[in-house]
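Q: Sequence:
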Amino acid sequence: MAPIPKQQLCFIDGSFEELATELATYLNISNDITPLLEAQTGENKDKVLQKLVAASIALNSIPERDFTAAYNLLIYLVNQSPNINNFLQQICANLSKPITSSPIHGPGLALNALTAIFNLLSPDNSVRSKVFLTILRLVKSNGFYDTLRSQLKHLDSWIKEWDLDDEDARQLYGTVADVAADAGEEEYSYQYLLKALRTFDKEIDEDDAEEAQKLAIRALKIALLSNTHFDFHDLTSLSAVQALSESHPIYSELLEIFSEKELEDYNDFRDEHEGFIEKEELDNSILHRKMRLLTLPSLAAASTSTKEIEYKRIAKALQIPAEDVEMWVIDVIRAGLVEGKLSQKKQMFLVHRTTYRVFGEKQWREVATRLDTWKESLKSVKEIISHERQQAEAQKEREMHEVERKAAGASGMGAGRRPNGRDNMIEMGTD
3 MAPIPKQQLC FIDGSFEELA TELATYLNIS NDITPLLEAQ TGENKDKVLQ
53 KLVAASIALN SIPERDFTAA YNLLIYLVNQ SPNINNFLQQ ICANLSKPIT
103 SSPIHGPGLA LNALTAIFNL LSPDNSVRSK VFLTILRLVK SNGFYDTLRS
153 QLKHLDSWIK EWDLDDEDAR QLYGTVADVA ADAGEEEYSY QYLLKALRTF
203 DKEIDEDDAE EAQKLAIRAL KIALLSNTHF DFHDLTSLSA VQALSESHPI
253 YSELLEIFSE KELEDYNDFR DEHEGFIEKE ELDNSILHRK MRLLTLPSLA
303 AASTSTKEIE YKRIAKALQI PAEDVEMWVI DVIRAGLVEG KLSQKKQMFL
353 VHRTTYRVFG EKQWREVATR LDTWKESLKS VKEIISHERQ QAEAQKEREM
403 HEVERKAAGA SGMGAGRRPN GRDNMIEMGT D
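Here the numbering used here = 1-based position in the sequence shown + 2.
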């Protein structure tokens, strides 16, 4: 389904009239199109195509061996018209229906035909989006997600090429999310739900409010129940999710708890909204475990000054027996939420790094304090380096002066020397 230049998939010999007659004969409508072909006008060509397309539903019941050739011929003929888009809706609708002559291979044959149509259209043809939507629905109903996965990387660029409005883009993203969810690919489904949610304006129209709420709650449920999703900022930043505070305040409260609060707050929520978790088909065992995992980073973030958390404090916050503390800390480390070292001797967890679930004024002050500390440290290092450099230069200068002094002394002593090295002899004699 990757973009392929137009008219490079179908290589069929013959004129339009010959090929149209061949297909019409196969469909038993020769008497309807022969007069139109004989007139040989551009308008009549489209009328011929209208009749062929209208009768093409019969191709769904022809022998399997003829299916691909017959549909390729139809697609080739339609592609000859400047008004090709007028015929594709009916062809796509036909290919969405059961291929009665091939219950087993029919969906694959239909997918191949739809892919041929998609690739024959120019990359910027917006009708491509309708064809792709038909492909998505066929993939969803027949479990062909693996054949689609490799093509999804092109979807964002395709949507730009097709110049789709927000509603159409949202429909595509939502359908991809459905397909991925049916295939058990929850993470892919979640990512495409986020893409769909980003198509809503900051101020959501009343007409879109219900759809926005459904998508927001669906994405929130996936994030809550995921074993790997611990950062909820990707949701809290979306206008559709923020709007839940008005339309679905209990869901909004639950999201706030998982975004920044602790296990005790979740337990209070359960008491206050008894039965809500079960009613909304959320798994309390998963949510309770996730809140335990999320509570430890909150403790670690609150202990940045000492960098140490006592085992008994962890046990109290996570509501676990003291002997289970190390097991839970290891689980939190595996989840990538904290880094540190367990000290059985001190009964302490030594924090090296933690994930900040909330980054507010307090955290900014901590950052400012650390930056000031680093600034002072760097200033001290700079002064030490500067001092050592000055000392090194002074030492070097002293050494140079010493070398020059010795050289000068040696030169003075050598001024009265005689050749042959007889420096220590006194020459005396009489005439």
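Among the hints, a few may not be true.
[What the hints assert, rightly or not] Straight-line Cα separation of at most 20 Å, PhoX-like style, residue types lysine-lysine; simulated pairs:
| no. | residue 1 | residue 2 |
| --- | --- | --- |
| 1 | K408 | K398 |
| 2 | K314 | K343 |
| 3 | K216 | K132 |
| 4 | K216 | K162 |
| 5 | K381 | K398 |
| 6 | K216 | K281 |
| 7 | K309 | K281 |
| 8 | K197 | K223 |
| 9 | K155 | K223 |
| 10 | K318 | K263 |
| 11 | K132 | K155 |
| 12 | K142 | K162 |
| 13 | K49 | K99 |
| 14 | K314 | K347 |
| 15 | K223 | K263 |
| 16 | K142 | K132 |
| 17 | K318 | K281 |
| 18 | K132 | K162 |
| 19 | K132 | K223 |
| 20 | K99 | K142 |
| 21 | K204 | K142 |
Since the hints were made in silico from the structure, they are not lab data.
Remember, it's a predicted structure, so these values are computed and weren't measured experimentally.
Q: Against each hint, give a clear statement of whether it holds in the structure.
A: Results for each hint:
1. The straight-line distance between the Cα atoms of K408 and K398 is roughly 15 Å, inside the 20 Å bound, and the hint therefore holds.
2. For the hint pairing K314 with K343, the CA-to-CA distance comes to about 16 Å; that is within 20 Å, so the pair holds.
3. Taking the CA atoms of K216 and K132, the gap is about 23 Å. The hint is violated against a cut of 20 Å.
4. Straight-line distance between C-alpha atoms of K216 and K162 comes to about 25 Å, which puts the hinted pair past the 20 Å bound.
5. Among the hinted pairs, K381 with K398 is inconsistent with the structure: their alpha-carbon atoms are about 25 Å apart, more than 20 Å.
6. For the given pair, K216 sits about 16 Å from K281 by alpha-carbon distance, which is consistent with the 20 Å threshold.
7. Between K309 and K281 the CA atoms are separated by roughly 41 Å; this puts the pair beyond 20 Å, and the hint is violated.
8. The suggested pairing of K197 with K223 holds, with an alpha-carbon distance near 16 Å, which does not exceed 20 Å.
9. Distance hint between K155 and K223 is unfulfilled; the C-alpha atoms sit about 25 Å from each other, more than 20 Å.
10. This hinted pair checks out: K318 and K263 have alpha carbons roughly 15 Å apart, not beyond 20 Å.
11. Under the criterion of a C-alpha separation no larger than 20 Å, the hint pairing K132 with K155 is consistent with the structure, at around 18 Å.
12. Taking the CA atoms of K142 and K162, the gap is about 24 Å. The hint is violated against a cut of 20 Å.
13. The hinted pair formed by K49 and K99 fails the criterion: a straight-line CA distance of about 24 Å is larger than 20 Å.
14. Distance check on the hinted pair: K314 and K347 sit about 14 Å apart at the alpha-carbon level, within 20 Å; holds.
15. For a cut-off of 20 Å, the pair hint linking K223 to K263 stands: about 18 Å separates their Cα positions.
16. Note on K142 and K132: the hinted pairing holds, with a Cα-Cα distance of about 15 Å set against a maximum of 20 Å.
17. Restraint check for K318 and K281: not satisfied, since their Cα atoms lie roughly 29 Å apart, outside the 20 Å limit.
18. At roughly 14 Å between alpha-carbon atoms, K132 and K162 fall within 20 Å of each other, so this suggested pair holds.
19. Proposed proximity of K132 and K223 is contradicted: the alpha carbons are some 29 Å apart, above 20 Å.
20. Restraint check: the Cα-Cα separation between K99 and K142 comes to about 14 Å, which is no more than 20 Å; the hinted pair holds.
21. Distance check on the hinted pair: K204 and K142 sit about 31 Å apart at the alpha-carbon level, beyond 20 Å; violated.
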